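Visitor: Protein sequences appear in the order of chains A and B.
Position one of the first sequence corresponds to residue -2 (my numbering), numbered consecutively onward.
Position one of the second sequence corresponds to residue 9 (my numbering), numbered consecutively onward.
Worth flagging that the hints you see were computed from the coordinates, not collected in a lab.
Among the hints, erroneous ones may be present.
To be verified - Taking CB as the label site, the calculated pair distances span: (1) B:Asp212 / A:Ser10: 46 to 56 Å; (2) B:Tyr105 / A:Glu26: 47 to 57 Å; (3) A:Ser166 / B:Ser296: 40 to 50 Å; (4) B:Ile118 / A:Ala79: 16 to 26 Å; (5) A:Lys127 / B:Arg299: 20 to 30 Å; (6) A:Pro192 / B:Asn20: 18 to 28 Å; (7) B:Ile213 / A:Tyr86: 31 to 41 Å; (8) A:Lys127 / B:Ile213: 24 to 34 Å; (9) A:Asn143 / B:Tyr105: 47 to 57 Å; (10) B:Arg97 / A:Asn143: 28 to 38 Å; (11) A:Glu5 / B:Asp261: 16 to 26 Å.
Given the structure is predicted, the values throughout are model-derived calculations rather than measurements.
Virtual Cβ for every residue (Gly too), placed ideally from N, Cα, C.
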Amino acid sequence: MAKKMKTEAKVLSQRLLADGIYDMWLETEMAKDAHPGQFVGVYPAGKATLLPRPISICEVDASRRAIRLVYRVVGQGTAEFALYQPGDYISVLGVLGNGFPLDKAEGKRVLLMGGGIGVPPLLQTAKELKAAGKAASVTSVMGYRNAETFLRDDFEKAAELVIATEDGSIGTGGNVIDAIKENGLEADVIYACGPMPMLRAIKAYASENGMKAYVSLEERMACGVGACLGCICKTKEIDEHSQVRNTRICTDGPVFDAEDLDM
Amino acid sequence: MVGGEALKLSVNIAGVEFKNPVMTASGTFGSGMEYSDFVDLNRLGAVVTKGVANVPWEGNPTPRVAEVYGGMLNAIGLQNPGIETFVKRDLEFLKGYDTKVIVNVCGKSIQDYVDVVERLSDERVDMLEINVSCPNVKEGAIAFGQNAKALTEITTEIKKHAKQPVIMKLSPNVTSISEMAKAAEAAGADAISLINTITGMKIDIHRRKFALANRTGGLSGPAIKPVAVRMVYEASHAVDIPVIGMGGIATGDDAIEFIMAGASAVAVGAMNFHDPYATVHVIEGIESYMRQYGVEDINELRKIL
């Protein structure tokens, strides 16, 4: 695993993608080691906010040494990030976490399932799976609140895309599981990121249908590097590192085999 | 003007010689492994490990951390892998480094603490730090640190069994820190460290819920530094044993402030999360202060007020 670092990254671009959702490209040497499903910790500049904000890596452009962060403004820290302009520098901790196990896709039919702000990390996942060409098929199933289907064009370029919206304005009315059923999608492996209720539903659906599901979790974090034990998830069995039924989301995850978790 | 070579940063606490006065605060640095990408652990005065009990502890439900203005709240609940795994994995890892090792010990009963202390007697451990101040567990820990009688009892008992010098880590959640410091000293503690976190609470007004599953948590970070400096001052003027100061230290200047207040050494805690290189930055900041003011020996600054 690549050595972690905290470094100043140069903002290359910033734009509003949808209501409260921003799209920022950063130039950083971390790009060369970034794996789909990994994340970075982004630090607000203000001295009153100490902790890094965990933000998933949406896309990697190794040739520009750049990573793309698509994030939702949810508080003071992310509101500050949205003000950054090209040429500004921002402190970033990374690369963090394990990422999606793409080797499990070999010869398999793959579904990428994202919900809300869990959509972005699946874009690089889709691109790398298609580029590797080892999966039997790759289909993205993305769930949104409404017609603001951010990253839609990018996903369409990367792989087949199915959309679900809660208000029914585009695609299947409902959630990503409704969209799978409506479109009769079958698969062997699921890579998913989104809110906990969606991940629980995916775990249950995968289990009922004999599929493997790898889910990316989110939790309040402090250190981001596995030291503070702030961001844990319950596991089914005793975890080797903790010696209890807890696993560290920031370091042992954020991606887990859903079967190993007590969600 | 003093040259870099001439600076003396080493300090002696209860007979243990530290290459410099900068340590890590228990619970913020694991056992150093997680920060070894960022920090050359050989540079540190000591690694103070996360609290370890006789058996593995699950800790509290999530959310366990919340950010607040100038700091953070945590209610991890002393999750730890238990002493056996700790000895095999964490202490083994630390053997690879030229730094002092201080093991933070927690327990629910005095016997729990004693079991850990005895298990460590033949291990390469330089000092023991006894956690009688974690505010986030229901049994043990802070229950021993909030009244002088209980503190006396546990300190006395641990001193009977400990092979290494004992640091009692005190809680700021008390009426008189001087009284607690004196009780620890009278019961035989070799040193004291303070402050642990200050009990706090945060309410998420948008979700209308407590920010932490545990409702209350320990406040740390720069927000608590003035409280910590005051308590280090009071404690160090009440006892003759060495004091290790901590609470919101972010820079070399902060460390100097604690040392002037009476600390023999300092520990960097929550700021590791903000700046994973914080410990080294604090060491460099101390050196730069010493050069600026022509201080040859860090010990000259201790307790000058």
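Visitor: Are Asp212 of chain B and Ser10 of chain A spaced within 46 to 56 Å by their CB atoms?
Guide: 33 Å, violated
Visitor: Is the gap between the beta carbons of Ile213 of chain B and Tyr86 of chain A within 31 to 41 Å?
Guide: With a Cβ separation near 33 Å, Ile213 of chain B and Tyr86 of chain A satisfy 31 to 41 Å, so the hint holds.
Visitor: Given the hint of 40 to 50 Å, check if Ser166 of chain A and Ser296 of chain B actually sit that far apart at their C-beta atoms.
Guide: Violated - the Cβ-Cβ distance for Ser166 of chain A and Ser296 of chain B, about 60 Å, lies outside 40 to 50 Å.
Visitor: Is the distance from the Cβ of Pro192 of chain A to the Cβ of Asn20 of chain B consistent with 18 to 28 Å?
Guide: With Cβ atoms ~54 Å apart, the hint is violated.
Visitor: Take a look at whether the Cβ-Cβ distance between Asn143 of chain A and Tyr105 of chain B falls inside 47 to 57 Å.
Guide: 54 Å, holds
Visitor: Verify the CB-CB distance for Lys127 of chain A and Arg299 of chain B against the hinted window 20 to 30 Å.
Guide: Since Lys127 of chain A and Arg299 of chain B have Cβ atoms about 57 Å apart, the given range 20 to 30 Å is violated.
Visitor: Within 47 to 57 Å or not, the Cβ separation of Tyr105 of chain B and Glu26 of chain A?
Guide: Because 27 Å falls outside the window, the suggested range is violated.
Visitor: Given a hint of 24 to 34 Å, does the C-beta separation of Lys127 of chain A and Ile213 of chain B actually sit inside it?
Guide: The hint (24 to 34 Å, Cβ to Cβ) is violated, given that Lys127 of chain A and Ile213 of chain B are roughly 44 Å apart.
Visitor: Please test the hint of 28 to 38 Å on the beta carbon pair from Arg97 of chain B and Asn143 of chain A.
Guide: 49 Å, violated
Visitor: A range of 16 to 26 Å was offered for this pair. Does it hold for the Cβ distance of Glu5 of chain A and Asp261 of chain B?
Guide: For Asp261 of chain B against Glu5 of chain A, whose Cβ atoms are near 23 Å apart, the range 16 to 26 Å holds.
Visitor: Can the suggested window of 16 to 26 Å be confirmed for the beta-carbon pair Ile118 of chain B and Ala79 of chain A?
Guide: 53 Å, violated
The structure shown violates the earlier hints numbered 1, 2, 3, 4, 5, 6, 8, 10.
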